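Number of protein chains: 2
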Amino acid sequence: MRLVVARCQVDYAGRLTAHLPMATRVLMIKADGSVLVHSDGGSYKPLNWMSPPCTLREGTTDDGQVEWTVTSKTADTLRILIEEVVHESSHDLGIDPGLQKDGVEKHLQELLAEHPASLSPGLTLVRREFPTAIGPVDLMCRDGEGLSVAVEIKRRGEIDGVEQLTRYLELLNREPLLTSKGPVRGIFAAQEIKPQARVLATDRGIACAVVDYDALRGIDDSEHRLF
Amino acid sequence: MRLVVARCQVDYAGRLTAHLPMATRVLMIKADGSVLVHSDGGSYKPLNWMSPPCTLREGTTDDGQVEWTVTSKTADTLRILIEEVVHESSHDLGIDPGLQKDGVEKHLQELLAEHPASLSPGLTLVRREFPTAIGPVDLMCRDGEGLSVAVEIKRRGEIDGVEQLTRYLELLNREPLLTSKGPVRGIFAAQEIKPQARVLATDRGIACAVVDYDALRGIDDSEHRLF
DNA sequence: CGTTCCATCTCGTAC
DNA sequence: GTACGAGGTGGAACG
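If you're matching them up, the sequences are chains A and B in order.
Convert by adding 63 to the 1-based position in the first sequence; the result is the number in the working numbering.
Convert by adding 63 to the 1-based position in the second sequence; the result is the number in the working numbering.
Calculated directly from the structure, the hints in this document are not laboratory data.
Everything numeric in this text was worked out from a predicted model, so none of it was measured.
Hints should not be assumed to be uniformly reliable.
Treat identical chains as interchangeable: a pair holds within one or across any two.
To be verified - Below, a list of computed lysine-lysine pairs in the BS3-like style, where the Cα atoms sit at most 27 Å apart:
1) Lys164 with Lys136
2) Lys244 with Lys136
3) Lys136 with Lys257
4) Lys93 with Lys136
5) Lys169 with Lys108
6) Lys169 with Lys257
7) Lys93 with Lys169
8) Lys136 with Lys108
9) Lys93 with Lys108
10) Lys164 with Lys257
11) Lys108 with Lys164
Construct all of the structure, not just a fragment, from the sequences and the given hints.
Pasting the structure below:
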């Protein structure tokens, strides 16, 4: 890892072309060859960058200025013209053990698979990731009256999710095995459901369920403590 | 901008929880208070971070280790336990003049608006951003036989785009002014169309058009050279 | 201020 | 490898 603070101008040409006028910025050169150009604000995204694999060549222009050229195999190029280096240092970081995550949609699906009745009374799980021709339904359940219930789970419930569940229901309702006792019901479950999504779901006869992740996790924890 | 290279352990708790074991990493603290944790690989995305607005508090744990606590207003917290500082420096970058971009989807729409016949022979433009109750259609055109044609443009054509165009067509086909010569046709135009999107489009009678951005730009340049 | 949609998206994962 | 969906998506444009 090499860190350079320098007054520089940056030009990128690839999927798009982009230009950064001369100013002082931080250049981060990683061990895999990737280069990041950061300013003192914005967010975690660099102003400009080159993803690995790529190679950095350091040269000088005709008028003697330092010029870095970063090229990738896909013919993208990043040209950095350096006017003045304010700081430079190199560090051996070693390999990183990597990030451990927890608490995303998959986990929400696991929790709801364990507690389907929290979505609608009497609901029991048939199977997770129930396959259809256009992809798996998150949860396939059955209600107290033997009707099939398809559940689509999102962290944030938006219009796309309702469309997705609608497509699944359309297919599922062509399956005689599932519709013997009546049409397949749909439940749209999310931690947060946007108004437009709710309207569309209601219009299509799909029930909405707002899921309290912390409460579910609480139930889960207390049940595990019992055993 | 403050740069710190340190052996550290990081824990994030917010929308999800994430943990980084003790290892040497680069910590970037920006003027707006945001903090980035970078390893020596991956890509432009940090391993962990905190977006502004947030505040960094430096303290020590009970056993005397340095501990940074970064908190945002949304109750997210980033805790960085520092075992050893390898490098530290601060730099005044000033404000950045910002990035100038060119060549994204808007530009693609402009090019297709100038050359609608490249989508389908005989097509002429009626107007860009044709308004409907649920949003504007990218291009409204008319074909050689006087039929209305709605065009949805994406850089990458995925299933969502087909859904969007379907909703537009549903509305447009209720307009007597547009359907006097027959139903409104749909064209789904993109630089790249995913197989599933193509299947769905075909199933709904929507034509797909793969757009060659460079070729279009070439036509455009040569036409401009004529004048 | 909320909502929508793009992105040099990045990133995981199933096929 | 390719395709597909999620993201602590971020960010901008628009109403």
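Exercise. Classify it for me, Lys169 with Lys257: is the Cα-Cα distance of at most 27 Å met within a copy, between copies, both or neither?
Key: The answer is both: 20 Å in one copy and 25 Å across copies each meet 27 Å.
Quiz item: Quick one: Lys136 to Lys108, C-alpha cut-off 27 Å, is that within a copy, between copies, both, or neither?
Solution: Answer is both: 22 Å inside a copy and 21 Å across each meet the 27 Å cutoff.
Quiz item: Can you tell me if Lys136 and Lys257 fall within 27 Å by alpha carbon in one copy, between copies, both or neither?
Solution: So Lys136 and Lys257 pass the 27 Å test across copies only (22 Å; inside, 40 Å).
Practice problem: Measure nothing new, just compare the shortest in-copy and cross-copy C-alpha distances for Lys93 and Lys108 to 27 Å and report within, between, both or neither. | Solution: both (15 Å within a copy, 12 Å between copies)
Quiz item: Checking Lys108 and Lys164: alpha-carbon separation at most 27 Å within a copy, between copies, both or neither?
Solution: both (20 Å within a copy, 15 Å between copies)
Practice problem: Could you place Lys164 and Lys136 in one of the four classes (within, between, both, neither) given a Cα distance threshold of 27 Å? | Solution: Answer is between; shortest inter-copy Cα gap is 22 Å, intra-copy 32 Å.
Quiz item: Is it within, between, both or neither when you check Lys244 against Lys136 at 27 Å Cα-Cα?
Solution: Close neither inside one copy (57 Å) nor across copies (50 Å); limit 27 Å.
Exercise. Tell me, please, which holds for Lys93 and Lys136 at an alpha-carbon limit of 27 Å: within, between, both or neither?
Key: within (17 Å within a copy, 32 Å between copies)
Quiz item: Checking Lys93 and Lys169: alpha-carbon separation at most 27 Å within a copy, between copies, both or neither?
Solution: neither (32 Å within a copy, 33 Å between copies)
Quiz item: When no copy is specified for Lys169 and Lys108, does a C-alpha distance of 27 Å or less occur within a copy, between copies, both, or neither?
Solution: both (26 Å within a copy, 22 Å between copies)
Quiz item: Is it within, between, both or neither when you check Lys164 against Lys257 at 27 Å Cα-Cα?
Solution: within (26 Å within a copy, 30 Å between copies)
Hint compliance for this structure: hints 2, 7 are not met, and every other hint is.
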